[in-house]
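**Q** Please take these sequences and the hints and turn them into a complete structure.
Each chain, letter by letter, is given below.
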Amino acid sequence: MVTILFFGQLKERLETSRLPLELVNGSEGLDSVAKLRDFLLAKGDVWKENLAYGSALVAVNQQMATEDTPIKDSDEIAFFPPVTGG
Amino acid sequence: MVTILFFGQLKERLETSRLPLELVNGSEGLDSVAKLRDFLLAKGDVWKENLAYGSALVAVNQQMATEDTPIKDSDEIAFFPPVTGG
Amino acid sequence: MEADTLTYIQVQEDDFSLAAEYQALIEDNSRDGAVVTFCGLVRDMNLDKSVTSLFLEHYPGMTEKSLLSIINLARNKWPLGRIRVVHRVGRLQVSEQIVFVGVTSQHRQAAFQGAEFIMDFLKTQAPFWKKETSNDGQYWVDAKQSDNQKAKLWGI
Amino acid sequence: MEADTLTYIQVQEDDFSLAAEYQALIEDNSRDGAVVTFCGLVRDMNLDKSVTSLFLEHYPGMTEKSLLSIINLARNKWPLGRIRVVHRVGRLQVSEQIVFVGVTSQHRQAAFQGAEFIMDFLKTQAPFWKKETSNDGQYWVDAKQSDNQKAKLWGI
Numbered sequence: 001m002v003t004i005l006f007f008g009q010l011k012e013r014l015e016t017s018r019l020p021l022e023l024v025n026g027s028e029g030l031d032s033v034a035k036l037r038d039f040l041l042a043k044g045d046v047w048k049e050n051l052a053y054g055s056a057l058v059a060v061n062q063q064m065a066t067e068d069t070p071i072k073d074s075d076e077i078a079f080f081p082p083v084t085g086g
Numbered sequence: 001m002v003t004i005l006f007f008g009q010l011k012e013r014l015e016t017s018r019l020p021l022e023l024v025n026g027s028e029g030l031d032s033v034a035k036l037r038d039f040l041l042a043k044g045d046v047w048k049e050n051l052a053y054g055s056a057l058v059a060v061n062q063q064m065a066t067e068d069t070p071i072k073d074s075d076e077i078a079f080f081p082p083v084t085g086g
Numbered sequence: 001m002e003a004d005t006l007t008y009i010q011v012q013e014d015d016f017s018l019a020a021e022y023q024a025l026i027e028d029n030s031r032d033g034a035v036v037t038f039c040g041l042v043r044d045m046n047l048d049k050s051v052t053s054l055f056l057e058h059y060p061g062m063t064e065k066s067l068l069s070i071i072n073l074a075r076n077k078w079p080l081g082r083i084r085v086v087h088r089v090g091r092l093q094v095s096e097q098i099v100f101v102g103v104t105s106q107h108r109q110a111a112f113q114g115a116e117f118i119m120d121f122l123k124t125q126a127p128f129w130k131k132e133t134s135n136d137g138q139y140w141v142d143a144k145q146s147d148n149q150k151a152k153l154w155g156i
Numbered sequence: 001m002e003a004d005t006l007t008y009i010q011v012q013e014d015d016f017s018l019a020a021e022y023q024a025l026i027e028d029n030s031r032d033g034a035v036v037t038f039c040g041l042v043r044d045m046n047l048d049k050s051v052t053s054l055f056l057e058h059y060p061g062m063t064e065k066s067l068l069s070i071i072n073l074a075r076n077k078w079p080l081g082r083i084r085v086v087h088r089v090g091r092l093q094v095s096e097q098i099v100f101v102g103v104t105s106q107h108r109q110a111a112f113q114g115a116e117f118i119m120d121f122l123k124t125q126a127p128f129w130k131k132e133t134s135n136d137g138q139y140w141v142d143a144k145q146s147d148n149q150k151a152k153l154w155g156i
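Chains as they are written, first to last, in our numbering: chain A, 1 to 86; chain B, 1 to 86; chain C, 1 to 156; chain D, 1 to 156.
Because the hints were derived from the structure by calculation, they are not lab data. Mixed in with the good hints there might be a few duds.
[Claimed, not checked] Dumping the calculated DSS-like pairs for lysine-lysine here, alpha-carbon to alpha-carbon at most 25 Å:
id: 1; chain 1: C; residue 1: LYS144; chain 2: D; residue 2: LYS77
id: 2; chain 1: C; residue 1: LYS131; chain 2: C; residue 2: LYS65
id: 3; chain 1: C; residue 1: LYS152; chain 2: D; residue 2: LYS77
**A** Right under this line is the structure:
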């Protein structure tokens, strides 16, 4: 089980802030950011429009991640728009 | 008559903070920073050691000046070491 | 978050005091002669819209880690003394303080560059998001391309 | 010296308050979202000498004019809002404040660069001279070549 978090505009548009997800296929399935992103994009149009590579950043276990970053059971994965603090 | 001021280490070494000086030859005499500096350097060794071009900066009427800057009656001319404030 | 004795990071809803932050930077610190501070405040205008307030969301947990890693990058580039970063979250009105960055150093240039670097990376790496309320309604603020370009100039 | 409503220059023996200077920079100024301040303090060490105090001499009359012309150079290079410069003179002990430079702008980078530029030119152009008292006696501080080089980098 991984936990997926959404922030900012993404959270509002997906109407979801937290999505627990069973990694059904274990490490041979959703084992990277790229694969998890593809899985989420397939959930529907609103997902496709907002989670695409380039428009949503990703952090794994609270560290900025890339598409290659591996994902394993019990990880915390967050998708969010480019940041605008400061 | 011009007023010549000295600051910082220069003031201490020359044992002078203020030197009123009659521009005896008028505008054909000490009419530039370079000529005034030469005149002062001729006053003795301690002047030569401390007022030489490159070791003492000059301001005319409270503005940074160069060797070419003209000097006229009633000007305020200041010689001082490189600044060290801040 | 007291990362170490020289670094202080705080994310809070409450306002902060520049005077208190400055005091913490200079107290018993006669080694460092240079102190640079940056304060960011809510402007009344953004992209021709008249802003009345904004809401700052963040990613609790990640925010502090991200700020600490930015500060450590700065420490690797310059000889810095004390560093304090305070970032507010929640609802903020026009003219309210948003962020404080304070850096001390023995060297003036290091203090200036360290503080500017931390702000540049905070703007592009730290998980904060602004939602503005303006005469035109509520909207999430878009990230600025110029901020990304500025951060890239540091060559990291 | 109130040069204009946006510029404040003060040379004084008395200490200054960062909090009061900051307040004067931000009060009724919801246009500028970025405030950068620099404070310089008396360090306890300089060139391996243990400093106990210093005396700051200046050229009354020229000092303020020189600071104003530095500030105007900065305004020509960046879109700056309010600028305040306070420089102390006379006898100062270790850890005492020497100089304050505060700059506001709508733009973070302009505020940072404006403040750094003013300090760089103050260090090389404004007629102040430091005499330090150390464990090694009293001596006039030498100007640093690095300060001249730093000022030249701004290309003016």
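**Q** Hints first: check each against the structure and report whether it holds.
**A** Hints and how they fare:
no.	hint	verdict
1	C:LYS144 to D:LYS77	23 Å, holds
2	C:LYS131 to C:LYS65	23 Å, holds
3	C:LYS152 to D:LYS77	23 Å, holds
Taken one by one, the earlier hints all hold for this structure without exception.
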